[in-house]
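Peer 1: Sequence:
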Amino acid sequence: KSLSIDDGKTKFLLTVASDTKELDKAILAFQSSIQGYLLILAIVLLAILFLQITFGLSPLAALKKALHRFHIGEADRVNGIFPVEFNPLVVELNAVIEKNSSIVTRAKTQAGNLAHAMKTPIAVISNALEDKNISDKSFKALVKEQISNAKEQIDWNLAKARAATASKNPRLKTPVLPVIESIVVVMHKVYAENALKIEIQNPTASPSIFNGEEHDLQEIVGNILDNACKWAKTRVEISEAPYMDGLQIIVEDDGLGVNPADYDKVLKRGFRVDELTQGSGLGLAIVNDLVALYDGSIELGLSSLGGLRVQVRLGVSKQP
Numbered sequence: 019k020s021l022s023i024d025d026g027k028t029k030f031l032l033t034v035a036s037d038t039k040e041l042d043k044a045i046l047a048f049q050s051s052i053q054g055y056l057l058i059l060a061i062v063l064l065a066i067l068f069l070q071i072t073f074g075l076s077p078l079a080a081l082k083k084a085l086h087r088f089h090i091g092e093a094d095r096v097n098g099i100f101p102v103e104f105n106p107l108v109v110e111l112n113a114v115i116e117k118n119s120s121i122v123t124r125a126k127t128q129a130g131n132l133a134h135a136m137k138t139p140i141a142v143i144s145n146a147l148e149d150k151n152i153s154d155k156s157f158k159a160l161v162k163e164q165i166s167n168a169k170e171q172i173d174w175n176l177a178k179a180r181a182a183t184a185s186k187n188p189r190l191k192t193p194v195l196p197v198i199e200s201i202v203v204v205m206h207k208v209y210a211e212n213a214l215k216i217e218i219q220n221p222t223a224s225p226s227i228f229n230g231e232e233h234d235l236q237e238i239v240g241n242i243l244d245n246a247c248k249w250a251k252t253r254v255e256i257s258e259a260p261y262m263d264g265l266q267i268i269v270e271d272d273g274l275g276v277n278p279a280d281y282d283k284v285l286k287r288g289f290r291v292d293e294l295t296q297g298s299g300l301g302l303a304i305v306n307d308l309v310a311l312y313d314g315s316i317e318l319g320l321s322s323l324g325g326l327r328v329q330v331r332l333g334v335s336k337q338p
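Residue numbering for the sequence shown follows the working numbering, starting at 19 and increasing by one per position.
Derived from the structure by calculation, the hints contain no laboratory data.
Where is the CB? At the ideal position from N, CA and C, for every residue including glycine.
A couple of the hints might just be wrong.
Claimed, not checked - With a cut-off of at most 30 angstroms between alpha-carbon atoms, the simulated BS3-like pairs for lysine-lysine come out as follows: (1) 207 / 169; (2) 169 / 155; (3) 169 / 248.
As the list claims (entries may be wrong) - Label pairs and their calculated CB-CB ranges: (4) 158 / 86: 58 to 68 angstroms; (5) 149 / 204: 48 to 58 angstroms; (6) 279 / 157: 34 to 44 angstroms; (7) 39 / 76: 48 to 58 angstroms.
Using the sequences and the hints given, assemble the complete structure.
Peer 2: Okay, here's the thing in structure tokens:
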């Protein structure tokens with residue numbers, strides 16, 4: 019290396035030289051050794067990463083096997099030992115499995131019930147066809163009655179099937195008061211000849227929300243009101259109000275009422291207080307089934323008006 023020094027008077031030129039072979043050898047040796055160490059470090063890190071992924075994802079493999087066992091029918095739910103972090107996922111999976119299983123089981127039962135219920139009107143009509151002594155007028159009346167009964171059975175089973183799904187869906191919300199008001203209007207028209215006074219008592223200022231299908235609420239309120247109007251002399255009252263964390267609907271009439279000994283029977287299919295009254299006796303039975311599907315309750319009692327008092331309690335949420 020050359021260095022020039024100039025002090026203004028004299029100029030010096032210094033030249034320094036050295037053999038760089040030894041330095042180059044040292045640098046090359048260092049580079050060779052560091053490359054080896056880096057290669058070893060990379061291999062170790064890759065091995066650690068592989069082990070971490072393998073052991074870290076092993077619970078997923080266990081979950082996959084558990085799901086496969088359920089899929090092929092070896093297990094009826096997701097079973098196994100999983101990390102605590104996986105517990106919420108496993109719980110939700112089992113909840114979905116149980117819900118689907120209950121829906122399938124209920125659907126099979128309802129299909130069987132519907133098929134059994136259809137046998138009666140079909141058998142009655144078939145026997146009437148074989149009866150040579152039956153008049154055309156009587157036959158038409160019989161067919162009309164049996165078709166009506168069959169339709170009620172179909173509607174009842176469809177309502178149960180729909181409610182079975184809707185009752186578990188938190189996204190379904192129906193304002194209660196508008197449904198009651200619309201049904202009261204319909205009942206005034208249906209029973210116009212009876213000149214009934216149907217009143218909504220003390221509507222709540224803050225509207226209640228029914229957690230379910232609007233059609234199901236219409237079925238519940240409609241059947242209770244229809245039953246009350248059918249037996250009332252002059253007056254029917256309906257009220258809805260919050261009850262604890264839910265909703266309470268009460269319908270009262272001034273009819274003859276029901277013998278307390280028959281309360282349980284009234285809620286069963288096919289029972290009619292008056293056998294001369296037209297219908298299949300499904301009204302309050304439908305209400306009882308729908309209310310049960312929504313984890314509610316129905317209670318019969320003596321009305322202050324003198325007739326029957328029907329009290330239904332359903333789970334709802336209040337509007338914010």
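Peer 1: Determine for every hint whether it applies to the structure shown.
Peer 2: Verification of the supplied hints:
| no. | hint | result |
| --- | --- | --- |
| 1 | 207 / 169 | holds, 22 angstroms |
| 2 | 169 / 155 | holds, 21 angstroms |
| 3 | 169 / 248 | holds, 20 angstroms |
| 4 | 158 / 86: 58 to 68 angstroms | holds, 60 angstroms |
| 5 | 149 / 204: 48 to 58 angstroms | violated, 38 angstroms |
| 6 | 279 / 157: 34 to 44 angstroms | holds, 38 angstroms |
| 7 | 39 / 76: 48 to 58 angstroms | holds, 56 angstroms |
Hint 5 from the list above is the single one not met by this structure.
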